[in-house]
Every structure is written in structure tokens, then in C-alpha cells.
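> One letter stands for each residue in the lines below.
2 protein chains.
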Amino acid sequence: MIKTKKEILGKHIVLEISECNNKKLNDVEFVEKIMVKAALTAGLEISDVVFNQFKSQGVTGVVMIAESHLTIHTWPELGYAAVDLFTCSQSFNTFAAVDLIKEKFEAKRTEVEEIKRGTIKENKLSSLIHFC
Amino acid sequence: MIKTKKEILGKHIVLEISECNNKKLNDVEFVEKIMVKAALTAGLEISDVVFNQFKSQGVTGVVMIAESHLTIHTWPELGYAAVDLFTCSQSFNTFAAVDLIKEKFEAKRTEVEEIKRGTIKENKLSSLIHFC
Numbered sequence: 001m002i003k004t005k006k007e008i009l010g011k012h013i014v015l016e017i018s019e020c021n022n023k024k025l026n027d028v029e030f031v032e033k034i035m036v037k038a039a040l041t042a043g044l045e046i047s048d049v050v051f052n053q054f055k056s057q058g059v060t061g062v063v064m065i066a067e068s069h070l071t072i073h074t075w076p077e078l079g080y081a082a083v084d085l086f087t088c089s090q091s092f093n094t095f096a097a098v099d100l101i102k103e104k105f106e107a108k109r110t111e112v113e114e115i116k117r118g119t120i121k122e123n124k125l126s127s128l129i130h131f132c
Numbered sequence: 001m002i003k004t005k006k007e008i009l010g011k012h013i014v015l016e017i018s019e020c021n022n023k024k025l026n027d028v029e030f031v032e033k034i035m036v037k038a039a040l041t042a043g044l045e046i047s048d049v050v051f052n053q054f055k056s057q058g059v060t061g062v063v064m065i066a067e068s069h070l071t072i073h074t075w076p077e078l079g080y081a082a083v084d085l086f087t088c089s090q091s092f093n094t095f096a097a098v099d100l101i102k103e104k105f106e107a108k109r110t111e112v113e114e115i116k117r118g119t120i121k122e123n124k125l126s127s128l129i130h131f132c
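Chains as they are written, first to last, in this note's numbering: chain X, 1 to 132; chain F, 1 to 132.
Since the hints were made in silico from the structure, they are not lab data. Incorrect hints may appear among the rest.
In this list, chains with the same sequence are indistinguishable; a pair is considered to hold if it fits within one copy or across any two.
To be verified - Under the rule of at most 25 Å between Cα atoms (straight-line distance), these lysine-lysine pairs were calculated in the PhoX-like manner: (1) 55 with 11; (2) 23 with 104; (3) 104 with 33; (4) 116 with 24; (5) 104 with 24; (6) 24 with 11.
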């Protein structure tokens, strides 16, 4: 029996950061700066950046990349943020981006989960038209 | 021993749709229309919408909502798209949005995973300043 090797199209890092610096989580300019820096650290080319500050507290933002994205939603009052890093290549250094985010928000607790997205058989790779 | 009940801040649906209609996955206007409709179907209030078409093939897009987002990355040549629905409330009807996406892209195969984001102890709920 010949086993067919499988490849993946995307690597998705689900990052939970807790016990962070509350003020930094509520500073939309700071949050945007760090998320853009994280994308650049990972070697990603940015196409769009959208960040919003809430009147009460909290920041929501996205950094868009070709077939990839980084998102963040912050709850400063709880010292918590939900971060996602979806990249379409194994070669990007997502863990450098994760380390930067943990450090800059001064997270004392983190949880990292990696999800494989778009599992395809190797013999279908030849039909791929676009890579990132 | 008193058990402390835990609540979550976000519900994250990781949706893989395969064997879809290739043309629909490559039509940026159609993809944007469906993702916006999915957000509205789920009862979410949209703040920003960004969608891009690639020269070769494929669409990438995000629908931003307060403390929530919907993203999609499509590979039309493989009939595949990676979709994420992150919502900050249990009350939103994310599965109605999932059904709509599956139906409109004519997905013959789907995988759905639900991730609980931001688990907090019930006694910390009182410190929450913003809900969505």
C-alpha cells in the first residue's frame, strides 16, 4: 500500500494571553503597532490594517496579509487578549511573532495551540496556482 | 469545596469547507456578500469590511465586529476555503452563519471545530466593563 503524503495550506496559531499590562491592552495605537510589528517579524507582507478602540474599554484589530491574517481582541479590565495568527506558509516565523506579542503585552500566562488548516494530498499540490 | 463556575469571553468556530464551487470561491464580490450576510445572519453588528482578490486566484477577507470577526481565505483551484467566526457572545447564532456559508459556496465536505476563548472565573465577571 502506498501512503499518500499530506500537505497543509495554512498554519493557524490560537494564542491566549492573560495577566497582561492592562493599560497596554487598552491603547489602540500601541496594540496596532505591536500587531504590525509581529506580522513583519514573521516575514509577512501586509495589505490592510484595521484597528478600533471601544468607548468603554478594549481594542479589536486585524492585520491582513495575502491568504493570511493576524487578529486581536482585548479585554483590558481582565488583562486578557485573544490573538490569532493564520499564515499560509510553513516558512513564516510565527513563533517569533508569538514571542513578541507575549513580551510587549507583558503576559504572565499564555496558551498556544496550533491548528493545521486545509490538509491536501501531495498529488494535488501541482494544481495549486497561488502560493504566498 | 466550592467549585467556581467558569465563563467564556469568546466562541471561535474554525470552519473548513471543501469540494466547493470553484467560481464562487474566486468571485471577490460574491465572497464579500456572503460573509457580510453571514455576520448579519448571526446577529452581529459590522464595523469594517476588507476583501482582496488575488491576481492569480483566490480571495482573502475580513468582516470586523466589536470584539468579533469573520475571516475567509479561499483556494478556488482546490475548491477549499478556511473560514473563522469569532464571536464574543454565546447568544449569537453562529451556526446559522455556518450553514449559510456551507450552502452558498456549495460545500460538499465541511469540518467544524468550536474553541472556547478567554475562560474566566464567574467571580471575575463583575469586573467586565464591556460586553458585546
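> For every hint, state whether the structure bears it out.
Quick rundown of the hints versus the structure:
When the C-alpha separation of residue 55 and residue 11 is checked against a cutoff of 25 Å, the pair qualifies only between copies, where the shortest distance is 23 Å, while the shortest distance within a copy is 34 Å. Taking CA atoms no more than 25 Å apart as the test, residue 23 paired with residue 104 passes inside one copy only; the shortest distance there is 12 Å, against 42 Å between copies. In the homo-oligomer, the alpha carbons of residue 104 and residue 33 lie at most 25 Å apart inside one protomer (10 Å), although the nearest pairing across protomers, at 37 Å, exceeds that limit. For the identical chains of this complex, residue 116 and residue 24 are inter-copy neighbours only, at 24 Å across copies versus 31 Å inside a copy, given an alpha-carbon limit of 25 Å.
In the homo-oligomer, the alpha carbons of residue 104 and residue 24 lie at most 25 Å apart inside one protomer (8 Å), although the nearest pairing across protomers, at 40 Å, exceeds that limit. For the identical chains of this complex, residue 24 and residue 11 are inter-copy neighbours only, at 24 Å across copies versus 27 Å inside a copy, given an alpha-carbon limit of 25 Å.
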